[in-house]
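S.K.: Each chain, letter by letter, is given below.
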Amino acid sequence: MRRVVQLLKPGSEDFSPRQAWLRLWVLAGDQPRLNAWEQQRDAQGFDAQVEGLFALIDDEKPVTLELAQAQPLALIRALDQWLAAMQRPAGRTLATGRAQTQYTEEGQGYWLAPVFQAARQTSAMATQVTQRALWFRHHVAIPCRTSQGLEVSLQPSAGLLDEALSELAARQEGELKAWVAHFNDGADVAWTRDIGTAGNWRTVSVEPAAQRQASIADTLQRAQHSGAVVVVFPEFTVDLQQRRVIAEHLIQHATGSVQLVVAGSFHEPELGGNPLQAYNTAPVLVANGLELFRHRKLRLFGDEAHGAECAQIGNTLHVLLTPLGGMTVMICKDYLDGDDRVRTALHEVLVDWVWVPSYGNATTLKLHKQRARELAQVRVGLSTLVAQTQNTAMDKTGRLLPGFAQAAGPGEPMDVGDDGGLVSLTWRRMTTPALDPGRRPALKRIK
Amino acid sequence: MAWIDHHPDDLIERSEPAQALDWLRQQSTLDAVALGKLDLFLHHWVLLLLQRPADAQGVLELMSLCQVARSRAAATPGAEAMDQRWQVFEDLLEAKRLALRAAAAAPAAPLRHEPAIRQFIQAQAQQRATQAALAAHLGLSAGRVSQILGVLESRGRVLRQRQGQENWVSWATQAEAQPAPAQPSAKTPSTAAAPLHLAVQVFGRAA
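Protein sequence lines, in the order shown, are assigned to chains A and B.
Counting from 1, position 300 in the first sequence corresponds to residue 300 in the numbering used here; the numbering is continuous, with no gaps.
Take the position in the second sequence, starting the count at 1, then add 1000; the result is the number in the numbering used here.
It is worth saying that the hints were derived from the structure and are not from the lab.
Hints are supplied without guarantee of correctness; some may be wrong.
The list that follows gives simulated cross-link-like pairs (lysine to any residue, SDA-like), each with its CA atoms no further than 20 Å apart [said to hold, decoys possible]:
id : chain 1 : residue 1 : chain 2 : residue 2
1  : A       : 9         : B       : 1009
2  : A       : 61        : B       : 1147
3  : A       : 9         : B       : 1139
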C-alpha cells in the first residue's frame, strides 16, 4: 500500500494513477488480504469515503498511507471511477495493445481494459465475497501472459467493425446478431496420416471443393441478408483454398452487415518450413477481407491410442478490444478442455465474447454448453458462440450437430438448424449501482 | 479505357473513391504503374478527407479503399513499401474516424473542474486563457490541467491552440462544437473563418 500511495503522490517522479490502480488490483488478488479489507469496510460510510478519495485524486491532493490503509476498497472504487472519468470518448487508441502500453507489477505485464458487460458484475461468483469484480467495476487488468504461460495479444478494433459496434454500444442494452454457420451439403473434410511418423492425422482439404465453396458463399449471403454482424464457421469445414472465398466475398460486400468472420479452422503448414510444422489455425477477418489475427489451437484433439492432430500447438490468446468489450477466439478443446493451460485462461483474460469453431460429437456439444453456461452465469459473465460440425471420422452416420450461442447472464442456449442460423446475443452495459447504506448483509447461501 | 489508365491528374480531379474501389475489386494484383497511380490518388483523398469537418462516411469509404488496395498489393511482388505507406494512411483516417465518433457521442457527465474552467475562461477579456493561467487559477499542475483539457477537448467543450510559447484555451460555443454538415461530393477543403490549430483542422476537436 505504501507503493500505491507513492504512485498517487502528486509531483512525484513515480506518479502514475494507472500503475496505482494495477498495484491495487494485484494486492486485491490475494484473497486473505481482500477478505481483510472487506471485513474492515465501513458499509455505512463507504459512498462518502469514495467521494472523498475521488476528490483528493481529482484535485491532486496526496492520499496518506493511513487513509489508504483504512479505506482500501473506497480507494479502489474511487481510483477506478476517476480513471473512467478521465477516459476520452474514443479511449481505445492505435497504440492499445502495443508492448509499450503494458504496465508491469511484480514482474507481470498487464493491459488495463474497460469493462463492458453488466453480466460481469452479476455472475454468481462476482457477487460473492473476495472477488475483485465487486470493487473494480470499470476496468480489468488483462495479463500479457497467463499463469499457465499463454501469451496474450491485445489489439483495438478499427474502421468499419469499430463503427458498427460503436453504433450498438451507444445504447444501454441491445443485441449482437451473429450467424452460427453449419453445412448440410454433403461435402466433408479429407485427411491424411502420411505426414510424420507418429501416425497422427492432418486435414488436407474439404471435398467436393466446388460444393463447399458454393455453400460458403451462400452462408455469407444469408448472414448478410439476416443482418448478422459476426459469422463463425465450424472447425475443419473451410480449407485453406476456401478461406479465399470468404476473403473475396468480404472484399466484394464490405458495405453489408457482416463485419467479423471467424473462418473456421484448418491445419495450415508453415510457409516454406518443415512439413511437420503446421498449426490448426482460425483466421479472423473483417470487412474488406483484412485478416486481424490468426488463432492457433492451444489444445489438440486425440490420444495415444487413436492418434491425434498432426500439428504444433499455439501459445497465444488474441484479444480484440471493441466498443462492445473484449472478444477472443478459441478452437474446440481450447474452450472446453480441463487441462490447466486453457481451463483458467478465460478466468484470467477477462473478455466479453468468445467465438468457437468446433468439430466433435454429441458429447463435445454437451460439454461446450456446460462450459458456456458456466462462463455466462457462474464465472466471468461472457457470451459464447460455438459453431460445431459432426465429427464424421468418429460417426459417419450420426445426426448433424450444429452449434449454439449462449448470451452472458441468465438464459438458455440458442440452438440453430442444420443449415446454421442467426442468433441474437443480448447484452447490457455495465452501470455503477448506487449503494444503499442501509442494506443488511445477505444471508442467502450461494452454491 | 480502364479507370486506372487515365492520367493521374484526371483520376484525382474527375473520379471519386467509389470508382477506385469498384476498379480494385475487379483486380487480383497490381502492376508498378497501377501502384504508383493508386498511391497518388490515395494521398490526395486522404488529405482531403482529413480536412473535411464531418464526412464520417467518406472516411470509412476511403479506409475501405486503403484496405482493399493493401490486400491487392499483398499479392503483388515488391509492393511492401506501398503496403506500409497505405497502412499509415489508414491509421490517419482511423484517428479522424475516432475523432468524429467522439464528437457524435452522447454528452458525458461534466468533470468536477469543468464549471470553474468555463467560468475562468469566459471571465477573460478575449474569452480565452493560457493553460498556465488555468493551472495557476485551479491550483493544479500543468500536467493535470493538460489531462483535463484533453478530455474536455475530446468532448468538444474547449478548443486549444498553440500561439508562440503558449497554449491558449477557449470555450467552444455551440456553433463551434457542432461540425458542419457532411458534404459527400465536395472536393474543396473546408475554410474556417478563424485560423485553428492544425490538429483541430485535421482531426476535428479530438485531436
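S.K.: Against each hint, give a clear statement of whether it holds in the structure.
M.R.: Results of checking the hints against the structure:
1. A:9 - B:1009: Violated: residue 9 of chain A and residue 1009 of chain B sit about 58 Å apart, past 20 Å.
2. A:61 - B:1147: Distance ~16 Å between residue 61 of chain A and residue 1147 of chain B Cα, so the pair holds.
3. A:9 - B:1139: 15 Å, holds
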